[in-house]
Amino acid sequence: MLPEQGIVVPGDCVIGADSHTCTYGALGAFSTGVGSTDLAAGLATGKAWFKVPSAIKIVLTGSFRAHVSGKDLILYIIGKIGVDGALYRSLEFTGPGVANISIDSRLAIANMAIECGAKNGIFPVDDVTLAYVEGRAQREWKIFEADENAPYDEVIAIDLGQLRPIVAFPHLPENTRTVDDLEAKGEKVFVDQVVIGSCTNGRIEDLRIAAKILKGRHAAEGVRLIIIPATQQIWLDAMHEGLFDIFMQAGGAVSTPTCGPCLGGHMGILAKGERAVATTNRNFVGRMGHPESEVYLSNPAVAAETAVKGYIAQP
Amino acid sequence: MTIQGNVHKYLDNVDTDVIIPARYLNSSDPAELAKHCMEDIDADFVRNVRPGNIIVARQNFGCGSSREHAPLAIKASGVSLVIACSFARIFFRNALNIGLPILECPQADEIRAGDELTVDLDAGVIKNRTQGKEYKAEPFPPFLRNIIEKGGLMEAIARK
Numbered sequence: 001m002l003p004e005q006g007i008v009v010p011g012d013c014v015i016g017a018d019s020h021t022c023t024y025g026a027l028g029a030f031s032t033g034v035g036s037t038d039l040a041a042g043l044a045t046g047k048a049w050f051k052v053p054s055a056i057k058i059v060l061t062g063s064f065r066a067h068v069s070g071k072d073l074i075l076y077i078i079g080k081i082g083v084d085g086a087l088y089r090s091l092e093f094t095g096p097g098v099a100n101i102s103i104d105s106r107l108a109i110a111n112m113a114i115e116c117g118a119k120n121g122i123f124p125v126d127d128v129t130l131a132y133v134e135g136r137a138q139r140e141w142k143i144f145e146a147d148e149n150a151p152y153d154e155v156i157a158i159d160l161g162q163l164r165p166i167v168a169f170p171h172l173p174e175n176t177r178t179v180d181d182l183e184a185k186g187e188k189v190f191v192d193q194v195v196i197g198s199c200t201n202g203r204i205e206d207l208r209i210a211a212k213i214l215k216g217r218h219a220a221e222g223v224r225l226i227i228i229p230a231t232q233q234i235w236l237d238a239m240h241e242g243l244f245d246i247f248m249q250a251g252g253a254v255s256t257p258t259c260g261p262c263l264g265g266h267m268g269i270l271a272k273g274e275r276a277v278a279t280t281n282r283n284f285v286g287r288m289g290h291p292e293s294e295v296y297l298s299n300p301a302v303a304a305e306t307a308v309k310g311y312i313a314q315p
Numbered sequence: 001m002t003i004q005g006n007v008h009k010y011l012d013n014v015d016t017d018v019i020i021p022a023r024y025l026n027s028s029d030p031a032e033l034a035k036h037c038m039e040d041i042d043a044d045f046v047r048n049v050r051p052g053n054i055i056v057a058r059q060n061f062g063c064g065s066s067r068e069h070a071p072l073a074i075k076a077s078g079v080s081l082v083i084a085c086s087f088a089r090i091f092f093r094n095a096l097n098i099g100l101p102i103l104e105c106p107q108a109d110e111i112r113a114g115d116e117l118t119v120d121l122d123a124g125v126i127k128n129r130t131q132g133k134e135y136k137a138e139p140f141p142p143f144l145r146n147i148i149e150k151g152g153l154m155e156a157i158a159r160k
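These protein sequences, in sequence, are chains U and H.
Residue numbers are given in the working numbering: position 211 of the first sequence equals residue 211, and the series is strictly consecutive.
Residue numbers are given in the working numbering: position 51 of the second sequence equals residue 51, and the series is strictly consecutive.
Next comes chain U alone, as it looks inside the complex (with noise of 0.2 Å):
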């Protein structure tokens, strides 16, 4: 909401009292998440104490494929360093593959930085990031860029054409798996649950993507189907571009812009034994309700196709 509506701009420096904090990064803000307490002070004082991180630069080439985006690129690199792969450090994504990422997967892609340890995760800003701040922000933005000879701790070059939907298996984020090899061991997880949005996933390009794959099909039977647009504004784009006559067509309930059942609030708590694929970013052990229920994260895509085929498949 902060992006959407102009009141963080490139170069800000932010804290939030929301470990999700990281994803205003996708602007080129310096952006990360504390506790209510250190917010507090920070209003009362208009400062706050860093540690200057040290930083993994993620260089990124090529353009996703079809039904792959920028939950798959930040769940595979989860994947690869772990759930403390990038601890007090800065997660820099550059290179060129960055132009043929949406704002909207770069959103995504900040916003679970902090799933891997990361402090921040950071976008360059560019054209993409330009023609999204223009027209909404409310102050003078300063685009900082990293110096040419910054030293890095680890540098991670990834293929964006080379991804495919990943799918994060309880009960961390790093327990990664591509559906292709879901399908190609028969295995299918059946699921009583989809959620599709948050903070993570919860952007009009999500809505589409899922409307897309759930025009004219309906859940399958026993499945759940929450919709859960990420603020107000989308609430309302996606209504106007009439993507929820496909959701309740479709079988599914759209709720009020809500964490709601990401972190077991309201509407979907899974009950006991009970499974569930989200777009949402964290899968710990009673995260969505019982402690002895499944949280499997995913892109919208392969959420939308899950909630069809009632197993976790990919479009």
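Everything labelled a hint here was simulated from the structure, so no lab data went into it.
Idealized CB from N, CA, C, for every residue including glycine.
You may find that some hints are simply not true.
To be verified - Straight-line distance between alpha carbons at most 35 Å, and here's what the computed DSBU-like set of lysine-lysine pairs gives:
| hint | chain 1 | residue 1 | chain 2 | residue 2 |
| --- | --- | --- | --- | --- |
| 1 | U | K80 | H | K9 |
| 2 | U | K272 | U | K80 |
| 3 | U | K309 | U | K80 |
| 4 | U | K272 | H | K9 |
| 5 | U | K51 | H | K127 |
As the list claims (entries may be wrong) - Derived, one-sided and incomplete: chain U residues facing chain H with beta-carbon distance under 10 Å:
| hint | residue |
| --- | --- |
| 6 | A17 |
| 7 | S19 |
| 8 | G33 |
| 9 | V34 |
| 10 | S36 |
| 11 | A44 |
| 12 | W49 |
| 13 | G82 |
| 14 | D84 |
| 15 | G117 |
Chain U is fixed; fit chain H onto it per the hints.
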């Protein structure tokens, strides 16, 4: 400041959802939170914990949600100190901010459940009396020690 206590041992990536599950976040009363501390990873913790006990874990302790309820629940359960090979950064800040002592020690994994430790917080020296070993923890920079000594960030700022 010297701390003495017996150890509850956990492994890697203890997340804040298991330290204090979200279903109990409708209260921020530390005593209420303490009743459910560690519930989803160790249902016996609340029954077994004694005042002064020490939690020891491996890598990335406190990962996940930024909820400050997590260190609050641990502190209110009577735990005097958390030692880990590494902490998730938000938990690290939250613990210091609410006055829960923590120490980062690469050899934390050598410590076993039930071991009796004597810890000199200022010197960062951990003595394992059960195993007869001694470990050195990472010292805090002076401005962080100031927050710890004042008992938390609120107290440190209020006195400025």
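Hint by hint, here is what the structure shows:
Between K80 of chain U and K9 of chain H, the direct Cα distance comes to roughly 27 Å. Compliance with the 35 Å bound is thereby established for this hinted pair. Between K272 of chain U and K80 of chain U, the direct Cα distance comes to roughly 30 Å. Compliance with the 35 Å bound is thereby established for this hinted pair. For the hint pairing K309 of chain U with K80 of chain U, the CA-to-CA distance comes to about 29 Å; that is within 35 Å, so the pair holds. Taken as a hint, the K272 of chain U and K9 of chain H pair is honoured in the structure, with Cα atoms around 27 Å apart against an allowance of 35 Å.
For the hint pairing K51 of chain U with K127 of chain H, the CA-to-CA distance comes to about 29 Å; that is within 35 Å, so the pair holds. The beta carbon of A17 of chain U comes within 6 Å of a beta carbon in chain H, closer than 10 Å, and the hint placing it at the interface holds. Given hint, S19 of chain U at the interface with chain H, holds; its Cβ is 4 Å from that chain's nearest Cβ, closer than 10 Å. A cut of 10 Å between beta carbons decides the hint on G33 of chain U: the least distance to chain H is about 5 Å, and the hint holds.
Because the closest C-beta pair between V34 of chain U and chain H is about 6 Å apart, less than 10 Å, the hint holds. At about 5 Å, the closest approach between the beta carbon of S36 of chain U and any beta carbon in chain H falls short of 10 Å, and the interface hint on this residue holds. The restraint placing A44 of chain U at the interface with chain H holds, with a minimum CB-CB distance near 7 Å, inside the 10 Å limit. About 7 Å separates the beta-carbon of W49 of chain U from the nearest beta-carbon of chain H, less than 10 Å, and the hint is met.
Given hint, G82 of chain U at the interface with chain H, holds; its Cβ is 9 Å from that chain's nearest Cβ, closer than 10 Å. A least Cβ separation of about 4 Å between D84 of chain U and chain H falls short of the 10 Å threshold, and the interface hint therefore holds. Checking G117 of chain U against chain H: minimum C-beta separation of about 6 Å stays under 10 Å; hint holds.
Checked against the numbered hints above, the structure violates none of them.
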